[in-house]
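J.: These protein sequence lines map, in sequence, to chains A and B. Heads up: the first sequence at position 555 corresponds to 555 in full-length UniProt numbering, and the numbers run straight through without jumps. Heads up: the second sequence at position 613 corresponds to 613 in full-length UniProt numbering, and the numbers run straight through without jumps.
Worth flagging that the hints you see were computed from the coordinates, not collected in a lab. Hints should not be assumed to be uniformly reliable.
You can't tell identical chains apart in this list, so a pair holds if it fits in one copy or across any two.
[Said to hold, decoys possible] DSBU-like cross-link-like pairs, simulated, lysine-lysine; straight-line CA separation at most 30 Å:
#	residue 1	residue 2
1	262	503
2	501	258
3	258	503
4	430	141
Protein chains: 2
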Amino acid sequence: MSAMEKYDIVIIGAGPVGLTLSTCLARWGYRIKHIDNRPEPTPTGRADGIQPRSLDLLRNMGLKRKIMAHEPAKVYEVAFWDPNSKGIHRTGTWASCPKFIDARYPFTTLLHQGLIERVFIEDIEKHGVQIQRPWTITGFKNDGKDSNYPVEVSLAHVDGTLKETVRAKYLFSGEGARSFVRDQLGIKIHHKDPIAHVWGVMDGVVRTDFPDIKVRSIMVIPRENNMVRLYIQIASSTDPDWNPRKTATVEEVQSHAKQILKPYSISWDRVEWYSVYPIGQGIAERYTLDERIFMGGDVCHTHSPKAGQGMNTAFLDAVNLAWKIHHVERGFSPRTLLSSYESERKLIAENLLDFDAKYAKLFSARIPSAGEVAGAASNDPVENEFVKTFKASCEFTSGYGVAYNPNLINWSKEHPARHPLFVSYESGTKLRTGRILTPATVTRVVDANVVHLEQEIPLNGSYRLYIFAGQPSLTSTSLNDLASYMSNPTSFYSIFSHQDKTKDRYHERDNPHTDFLSLCTIFNAPRSQIYIQEMLPEVLARYRDHVYADDVWDQRVPDAKAAAHAKMGLDEERGGVVVVRPDGYVGCVVKLVEGNGTCEALDQYFSVVTGRKLGEERAAL
Amino acid sequence: MSAMEKYDIVIIGAGPVGLTLSTCLARWGYRIKHIDNRPEPTPTGRADGIQPRSLDLLRNMGLKRKIMAHEPAKVYEVAFWDPNSKGIHRTGTWASCPKFIDARYPFTTLLHQGLIERVFIEDIEKHGVQIQRPWTITGFKNDGKDSNYPVEVSLAHVDGTLKETVRAKYLFSGEGARSFVRDQLGIKIHHKDPIAHVWGVMDGVVRTDFPDIKVRSIMVIPRENNMVRLYIQIASSTDPDWNPRKTATVEEVQSHAKQILKPYSISWDRVEWYSVYPIGQGIAERYTLDERIFMGGDVCHTHSPKAGQGMNTAFLDAVNLAWKIHHVERGFSPRTLLSSYESERKLIAENLLDFDAKYAKLFSARIPSAGEVAGAASNDPVENEFVKTFKASCEFTSGYGVAYNPNLINWSKEHPARHPLFVSYESGTKLRTGRILTPATVTRVVDANVVHLEQEIPLNGSYRLYIFAGQPSLTSTSLNDLASYMSNPTSFYSIFSHQDKTKDRYHERDNPHTDFLSLCTIFNAPRSQIYIQEMLPEVLARYRDHVYADDVWDQRVPDAKAAAHAKMGLDEERGGVVVVRPDGYVGCVVKLVEGNGTCEALDQYFSVVTGRKLGEERAAL
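Chain A extracted, bound-state conformation (with noise of 0.2 Å):
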């Protein structure tokens, strides 16, 4: 058994959520066997369009502008048309992304899945991995033969004539619907919504005088190099004679569109790719049976392809479990930490199934007015049901719908941490923990660069404390406070400080002290009056590129002095501490005062947060 081959993970399917955990664990340095069953990547066709909340996840990963440099399409609005007797006639039209949703990117971005892919593996094979095809898992077992590898697994070349059987510590499936780890574990799919589809989907270059070609619609999504999607639904398992197995030929789904569109009419130049598929809606009951082996996407959920949510879901799994192995395997966290990766993944999509059933009804029913959809995109306090529904549908397509509950990492009243100053979102804050960080624009101290603050810190797997100070003036004994209890040696920002002393880490911007967390400090105050020497303790200031000026005005809060403040519902003169987990979501907020009470607050979280006692030994400072 020594001679086996060993690897952090064994991970199968180079789709979406395989290829976007191999890439965060790639770069934070885990030896990875990656296979796929395909003998190339994608070719064309598939996938559904990113999502604005995807897009920040890209940029913040690093491969946004890849992706960009391709060109996708760029859909902003959503058209209804509906049938009467003389054909189809436009009966609304409004933002996919509408204002009321603080979103950098408000549209949905429409690329060719191999294109996407490419952009990851591209960046993978630079962090040294290779995805090995075609190959295919035989099977796995958790025997436990090896504490530290506890996992087997069987891996097979399709055509069967090479084999191996490597041990890692984690296995993952990203196989997609059909999943062979799932069927082994006896893993059952269910099916929320009883009514299955069989859809035809064609991408191609058309001629039409169809005014919404290039908008959203139920049936039409555009894409890039000219090209458009179409969507036919082809069988229900509600009609009479229903076959999951049901086909339909090119001409066929064409003459269908052709009916559907009139009075405009549609020709093709050509056809780029073209399928028909069978597909329900529905959850695996487990994501995991041991904290092990581990499954996330289409094998764990499925989503009609009108909800484009597949691979934006994908994105969000794979994240979610790749920094919670991160920090189980560098001791950050107990091993309890992955519990939560089944229990925040899993509600989100069965909120996103419950929600889409909830909506379809709504919806069938009649289309909003376009007094509805202006209250909805107004902020109007007041909101019948069909306003609520239709605002939370905006937030799902554009990703900004996930909200997890609260459990060990996502504070709450209930959380065993109880310190005083935690503020929650009903005493305060505008901050949900659960929910992304709201996005503030700000001035770079060093080199006076307007930036994203919420993209400062790149996707490294370390927490992100975000210090708003306020003014200067005001908070400079909080800051040193601040500073002082964290240089206590068990305090959460010592603690897992590194040990190689030697390292020259001069040019070191995220993580010069500890890769457990990354820190940003941002000021109510212009930059050119921002000192970082003067006027920030040396545990603050060592993180120099991440000082902020707030002092950017900001449409949504025009009265505030300092809008990424105002934004955050934090106090302007005397700031806040805002602690982002790893993948973006809110952890907790605390107040900044004097004394040792912020450390106090921030150590009582961290110690739940690591599974350690922490700031013990802060009264003998």
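Start from chain A and add chain B according to the hints.
T.: Just chain B, lined up with the frame of chain A:
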């Protein structure tokens, strides 16, 4: 002679000016011989920053994203540091492109010249042109022996082993400050500023506690990859022992820098590039003698590296010449258009040097107070000489100071076209002929994308006709009338229409009807209320990808209902027509009215531009 290879143009030198010219002409289908005497592109160092205005241009050429992919440094602020008895201290800092300038990218972009060159070279090669290296020019004459290809050019490999003689319509020298072509033509350099300097320049990675190491100052320019460039003046012609050949070692320059930066410390991790060179600011007396052999870039004007103008002026020289050659060769303009290359570009170079002297004089006396800087930034109408000069300096530094004088393509009251519908800056529009089009954000109707109107027509060599169509209910007759007169076969719109009517142009966005111009229509209406087929005459509806809704709020005109109309100074209800030259500068502005007046005024303007009598048959309609 018939055996001699023939080219549309021979371009000598593959620095910024030669590459930009080659890129444009290669895209527009010209046959190019392009040589450079270096064996490969600039390996490291050289060049100044890319100005905000140049970034607009690079984006318009579709090259910006590839340049930004190299993660260049961005400079948003300029700091002033002055010595006193204790060492240097900061005396001021302000935006390098303050808010009073309406810039999309209010920063300077710093990137190694070789990387910029490679972006151009890749594009040129995609269009079938290879740069021949290391080759040099050994002789040339405009002997007129072939009236189509009047220029004979002799070329040789730099090692002398290979020779070639070719004939061309044009010869362009982008050789840099030492130019064989300029010398052979006997054209003198005129030194405006009598003072010359020897500069030491050094790129490297440093360690320092100097707080503004990532902000631009007289001595410091941040660069990509955590590098910084330091400029150190080694000698000046005002020194008693002035020697333009004076040199200095790396250690001498570093020691000088250490001295200047006291009380701060600095040390080098590594030096990437280092050079010492003399420079005087000068302008060539002529840019061409015969309008067949042209020069541009450093051949014609050299600037102090402090001014950061060299590469940016080169870009604009090249684009200015490119479209004029294109229009003459396509028969869109008489050959006389070419004379405006020298008259326009030489004036800009002269203004730059004049201004540089004025600025240096004013700032050597004192630097502006915070109040003056704020005043300049806030568009305060009360301006002293100091603030005026400061604002002009920002305009020059950002590249928005370029203003071409009235001539046959830049309309003024002295222009031969004197139709009463022309509108001047004095009589109401905020646009100035000879200046770039004001940026404006609008919604594209076909796909609801929020776009930058000024970028919507790529640099395709065409005039750009922006029809601001006001409120649809008020202007439908004006639009129909304009379209109907434009359909006249001798109108500016029809005269150069595509001859090959059999070619399928269904998917042609920008030039479906003619290469002479591209056309945009902008309504003061929400996108959802614009129906292209129903509301636009066929002539305009054919440009379906260039119909826009002026429905995006703009902070600069917060009370406007139609921000783009308002920013141009056009009537929000009645609209107006703006003609923009192929290089992005405003040519003329005309009122949009019912009847034949608008088309008549445009025909008059284009009659002058094209040297043809346009619109004569209009009476026959």
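J.: Each hint should be assessed against the structure and marked as holding or not.
T.: Going through the hints against the structure:
no. : hint      : result
1   : 262 x 503 : between (70 Å within a copy, 28 Å between copies)
2   : 501 x 258 : between (70 Å within a copy, 28 Å between copies)
3   : 258 x 503 : between (67 Å within a copy, 26 Å between copies)
4   : 430 x 141 : neither (46 Å within a copy, 74 Å between copies)
In summary, the one numbered hint that this structure violates is 4.
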